[in-house]
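Trainee: Chain by chain, the residues:
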Amino acid sequence: RKEVEQDPGPFNVPEGATVAFNCTYSNSASQSFFWYRQDCRKEPKLLMSVYSSGNEDGRFTAQLNRASQYISLLIRDSKLSDSATYLCNQGGKLIFGQGTELSVKP
Amino acid sequence: GAGVSQTPSNKVTEKGKYVELRCDPISGHTALYWYRQSLGQGPEFLIYFQGTGAADDSGLPNDRFFAVRPEGSVSTLKIQRTERGDSAVYLCASSLSARGAGAYEQYFGPGTRLTVT
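Those sequence lines, one after another, are chains G and S. Residue numbers for the first sequence, in this note's numbering: 12 to 117. Residue numbers for the second sequence, in this note's numbering: 141 to 257.
To be clear, the hints were calculated from the coordinates, so they are not data collected in a lab. Cβ atoms here follow ideal geometry from the backbone N, Cα and C, with glycine treated the same way. Check the hints yourself; a few may be wrong.
The list that follows gives simulated cross-link-like pairs (lysine-lysine, DSS-like), each with its CA atoms no further than 25 Å apart [unchecked claim]: (1) S:Lys218 to G:Lys104; (2) G:Lys53 to S:Lys218; (3) G:Lys56 to G:Lys104.
If you only want the chain G side, here are some residues facing chain S, beta carbon under 7 Å, derived [stated by the list, open to error]: (4) Glu54; (5) Leu57; (6) Phe107; (7) Gly108; (8) Gly110.
Facing chain G, a subset of chain S residues (Cβ under 7 Å, in silico) [to be verified]: (9) Phe185; (10) Glu245; (11) Pro250; (12) Gly251.
Whole structure, please, built from the sequences with the hints as guidance.
Mentor: Written out as structure tokens, the structure is:
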């Protein structure tokens, strides 16, 4: 099993939809997790940090389930501009998931 | 303020040549990371500096790869005898010094796209 594994995607959703994808991790000692967003041919940019059970920022909610060792990202009311690849990073381990591609269609 | 900068943005080199890639981190960030990313994959860790010293170089694929950060700021990734398989985007990131690598958010530079022909 890879140390950080993400839903492979791609996720194709209509504008306004709610979409969620998961990231599983193997190191139970991690205290922090991060979601990054990466647009095509651009660098990753920090989207959300998660240090406890979860975090919410507008339409985005990240939830951490330590018992099952996964972290999820929920996007409500999807916008066309949300189309990107979302990367999960396990803090303290310099490992990224392979990314989940999201495509929001009109 | 200024973000992480990387130069060059693109580098095309012939197989067997030597290349240097430069990273200028965010001022005040003592942790600096090098990754490489191939199409459709997440960033792959190469090396991490805390200050001037390489705290973890376990991701360097072989001894053709080397990185330095002599004054604790700018870092250079050096690749000797380049191979076609080295073609990728090389990303640099920086973060505040922390309780261990990656415990703080990382801020990425725009990357250097390396093509080995």
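Trainee: Look at each hint and say if it fits the structure.
Mentor: Checked hints:
1. Simply put, Lys218 of chain S and Lys104 of chain G have alpha-carbon atoms about 24 Å apart, close enough for the 25 Å limit, and the pair holds.
2. In summary, the hint linking Lys53 of chain G to Lys218 of chain S is supported, as the alpha carbons are separated by about 22 Å, within the 25 Å threshold.
3. A distance of roughly 18 Å separates the Cα atoms of Lys56 of chain G and Lys104 of chain G; the hinted pair therefore holds under the 25 Å criterion.
4. For the restraint placing Glu54 of chain G at the interface with chain S, the shortest Cβ-Cβ distance is roughly 4 Å, inside the 7 Å limit, so the hint holds.
5. Given hint, Leu57 of chain G at the interface with chain S, holds; its Cβ is 5 Å from that chain's nearest Cβ, closer than 7 Å.
6. About 4 Å separates the beta-carbon of Phe107 of chain G from the nearest beta-carbon of chain S, less than 7 Å, and the hint is met.
7. Residue-level restraint check for Gly108 of chain G holds (minimum Cβ-Cβ distance to chain S is 5 Å; threshold 7 Å).
8. Taking 7 Å as the C-beta cut-off, the interface hint given for Gly110 of chain G holds, the closest approach to chain S being about 5 Å.
9. Hint status for Phe185 of chain S relative to chain G: holds, with the closest Cβ pair at about 4 Å, below 7 Å.
10. The beta carbon of Glu245 of chain S comes within 5 Å of a beta carbon in chain G, closer than 7 Å, and the hint placing it at the interface holds.
11. Interface hint at Pro250 of chain S: satisfied, since its Cβ lies 5 Å from the closest Cβ of chain G, which is below the 7 Å cut-off.
12. The closest approach between the C-beta of Gly251 of chain S and any C-beta of chain G is roughly 6 Å, which is under the 7 Å cut-off, so the hint is satisfied.
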